Amino acid sequence: MNVTSINARLMQGNQACAEGAIYAGARFYAGYPITPSTEIAEVLAERLPQVGGKFIQMEDEIASMAAIVGASLTGAKSMTATSGPGFSLKQENLGYAVLSEVPCVVVDVQRLGPSTGGPTAPSQGDIMQARWGTHGDHPIIAISPSSVQECFELTVKAFNLSERFRIPVLMMLDEVIGHMRERIIIPAPGELEIVDRKKPKVAPSQYVPYEPQDDSLVPPMANFGEGYRYHVTGLLHDDTGFPSNSPAVMGEHQDRLHEKIRRGLHEIIMVEEVQTEDADVLLVAFGCMARSAARAVKEARAKGQKVGMLRLITIWPFPEEALRQLAEKVKAIIVPEMNLGQVVDVVKSAVEGKVPVYGICQADGEIIPPERILEKIEEVL
Amino acid sequence: MSSVAETTQQMPIAINLSWCKACGICYALCPVKVLGPDELGKVTVIQANKCTHCKICENHCPDYAISVVGGKKS
Amino acid sequence: MFAEIEQYFRTERLPHIWCPGCTNGIIVKSIVEAIQKAGLDQDKTVIVSGIGCSSRATGYLNFNTLHTTHGRALAFASGVKLANPELNVFVITGDGDCTSIGGNHFIHSARRNMDLNVILFNNNIYGMTGGQYSPMSPSGAKATTAPYGNIERPFDICNLAIAAGATYVARGNSFNTRQLTDIIYNGIANKGFSFVEAIASCPVYYGRKNKLGNAADMLKWQRDNCITKEAADRLPLEKKQGKVVTGILHHEPAPEYTTEYQKIIDKFQGGEES
Chain F
1 MNVTSINARL MQGNQACAEG AIYAGARFYA GYPITPSTEI AEVLAERLPQ
51 VGGKFIQMED EIASMAAIVG ASLTGAKSMT ATSGPGFSLK QENLGYAVLS
101 EVPCVVVDVQ RLGPSTGGPT APSQGDIMQA RWGTHGDHPI IAISPSSVQE
151 CFELTVKAFN LSERFRIPVL MMLDEVIGHM RERIIIPAPG ELEIVDRKKP
201 KVAPSQYVPY EPQDDSLVPP MANFGEGYRY HVTGLLHDDT GFPSNSPAVM
251 GEHQDRLHEK IRRGLHEIIM VEEVQTEDAD VLLVAFGCMA RSAARAVKEA
301 RAKGQKVGML RLITIWPFPE EALRQLAEKV KAIIVPEMNL GQVVDVVKSA
351 VEGKVPVYGI CQADGEIIPP ERILEKIEEV L
Chain S
1 MSSVAETTQQ MPIAINLSWC KACGICYALC PVKVLGPDEL GKVTVIQANK
51 CTHCKICENH CPDYAISVVG GKKS
Chain V
1 MFAEIEQYFR TERLPHIWCP GCTNGIIVKS IVEAIQKAGL DQDKTVIVSG
51 IGCSSRATGY LNFNTLHTTH GRALAFASGV KLANPELNVF VITGDGDCTS
101 IGGNHFIHSA RRNMDLNVIL FNNNIYGMTG GQYSPMSPSG AKATTAPYGN
151 IERPFDICNL AIAAGATYVA RGNSFNTRQL TDIIYNGIAN KGFSFVEAIA
201 SCPVYYGRKN KLGNAADMLK WQRDNCITKE AADRLPLEKK QGKVVTGILH
251 HEPAPEYTTE YQKIIDKFQG GEES
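Residue numbers (the working numbering), protein chains in the order written: chain F, 1 to 381; chain S, 1 to 74; chain V, 1 to 274.
To be clear, the hints were calculated from the coordinates, so they are not data collected in a lab. Since this is a predicted model, take the numbers as computed values, not measurements. Just to be clear, a hint being listed does not mean it is correct.
As the list claims (entries may be wrong) - Some chain F residues close to chain V (C-beta under 10 Å, calculated; not the full set):
#: 1; residue: 33
#: 2; residue: 100
#: 3; residue: 132
#: 4; residue: 133
#: 5; residue: 220
#: 6; residue: 223
#: 7; residue: 235
#: 8; residue: 242
Stated by the list, open to error - Derived pair list, reagent style BS3-like, types lysine-lysine, alpha-carbon separation capped at 30 Å:
#: 9; chain 1: V; residue 1: 229; chain 2: V; residue 2: 240
#: 10; chain 1: S; residue 1: 55; chain 2: V; residue 2: 37
#: 11; chain 1: V; residue 1: 211; chain 2: S; residue 2: 42
#: 12; chain 1: V; residue 1: 263; chain 2: S; residue 2: 55
#: 13; chain 1: S; residue 1: 55; chain 2: V; residue 2: 229
#: 14; chain 1: S; residue 1: 55; chain 2: V; residue 2: 220
#: 15; chain 1: V; residue 1: 209; chain 2: S; residue 2: 42
#: 16; chain 1: V; residue 1: 211; chain 2: F; residue 2: 198
Note that CB positions come from ideal geometry on N, CA and C, so glycine has one too.
The whole structure should be built from the sequences, with the hints applied where relevant.
Written as structure tokens, this is what we have:
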């Protein structure tokens, strides 16, 4: 690449997330102020009208989530951003978006909870809420960036996955990543892939809105106002979109929602392996903790300890397969996370007792430093 | 598809019995008692010749089961 | 003739789920007639609803329809309208949906003045859940959750809409269908937040519990107790007691939200990033 064409900037994670959204084609944002996510709203309030997009500050978090679903139905790639208490309020209409298969991106810049908690100290305490926050059984996609560069690139990816699978995608930042400033190289237009939702190929009279047309099980989606007059509801429904209380229909609907994600796992699951080839101890980390863990790997290696890291970029669906393969090779797994044990239990369940799993769990608003991870490594070796 | 399933010839009023829920609004409001209940309480025409095409029945049928044929456009 | 408005219905979904004598169907017909009279493009019209009896209306209407979550219809509708202002957006909601769980969305939508046409079906009760009192159940009314009579005071939702900044506010009822169609039609013409309270009757859960007679009796009550604003303005206060005032109660145009937003976009040539 020509040096002069490199668009290097010093940027905050939240800002990179907002710029990534614009790059991905987002043209609608609705939100409500809450620290530590507010910069995303502020940047987009300024940037969206510049590119012909729309920003609106809604009366609350519930309304913001509702508004982006409404906007997405007209064809606009849509996003909202929030933090813990607001994320709780998003859950109602997040479930609606899952069930009615409306693409959208929800950013949660995690802060210390529960409740108002410790504003606005960092935390990774919303991982289980991301998975199970809305009621009922539902699939979800959640992604966790570990750098400002990833805030940009994974936001693009989040929109792509959302459009591809017609599901809300959660960008699980944490306060550290959201507020951290570092160097970022803005990808040139066209450099990153942009995915748009599949549109129907049939005439409106032939359109069956929730009927999958291929093995992906993701039905093509018509935008409101284009002549395809169809019904969208939060009720379980058949392929026509109209509600049904037949157990067979409701069961099929639920199954398809899950199955479309299972079939797409190869596109959804993203992990990074750091020096895992010969590792005796495997660190499993995500978000800002992956930075601490990466440092611990480096220092442990300098001492001659064989330590590696599996970094979870996709958190939900959980990268079970990647973890299982590594569990065959390592002697112990350590999960440092800034909560009181959310991912560590999932790791334990995934490795099925094949290898001991230890958590370093802390929910006091402080980052777990590499030293604590190194101590744990000494302990388990 | 036509929603008016049972248009009886020479009747001023077409009734779609499959949509009628027997609420009784139409025959209670009919000023000249053209309409009345059948054995199930659903609407039936009892005195067709008295119909003035006032459309009170049609306008107040919550189930779109009544269409007054002829008369001036509402 | 139903045939004249049939194109606006998903007739294969009829008959609707509403109880015998529920007047929701009458109000829906007035909405459709107003849409027809206004000549709105069916493909460019979106109808949004919340949760409750009246909100089931969207399933029967042949437009792009959006049946949302409880109380949130206005928030979804705001997203639809702002994202694509070319769409005509209607909101169908009930007294519980709009004024209780959706109360915050209601006042802020009124304040924001986005071009939305909102029709609140007021049947004074939560029907879908079996007859609990709503913020629009009259004081003293009985409900399953007010077995000794409602000790709360109801909203005058039209006054609340006016206070919150709605630019068009009207009230009608399911007996006077011509008036109801007209006030919805006039609301469509208002470029801004247009609010219509449509008095509905619920003979099964509200009427029975409160000994208001059958479905026809409840409609006759509307006929006999609603007076137009014009008539009310001429009556002395004591003669207005217990009467419900209908017609256009307020019309005061103000800058519309999506139009104002477009002005901001236009500053940047309304186009893509340069």
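Hint-by-hint comparison with the structure:
no. : hint             : in the structure
1   : 33               : 14 Å, violated
2   : 100              : 9 Å, holds
3   : 132              : 18 Å, violated
4   : 133              : 15 Å, violated
5   : 220              : 15 Å, violated
6   : 223              : 8 Å, holds
7   : 235              : 7 Å, holds
8   : 242              : 6 Å, holds
9   : 229/V with 240/V : 11 Å, holds
10  : 55/S with 37/V   : 19 Å, holds
11  : 211/V with 42/S  : 23 Å, holds
12  : 263/V with 55/S  : 48 Å, violated
13  : 55/S with 229/V  : 25 Å, holds
14  : 55/S with 220/V  : 16 Å, holds
15  : 209/V with 42/S  : 24 Å, holds
16  : 211/V with 198/F : 55 Å, violated
Consistency note: the structure conflicts with the earlier hints numbered 1, 3, 4, 5, 12 and 16.
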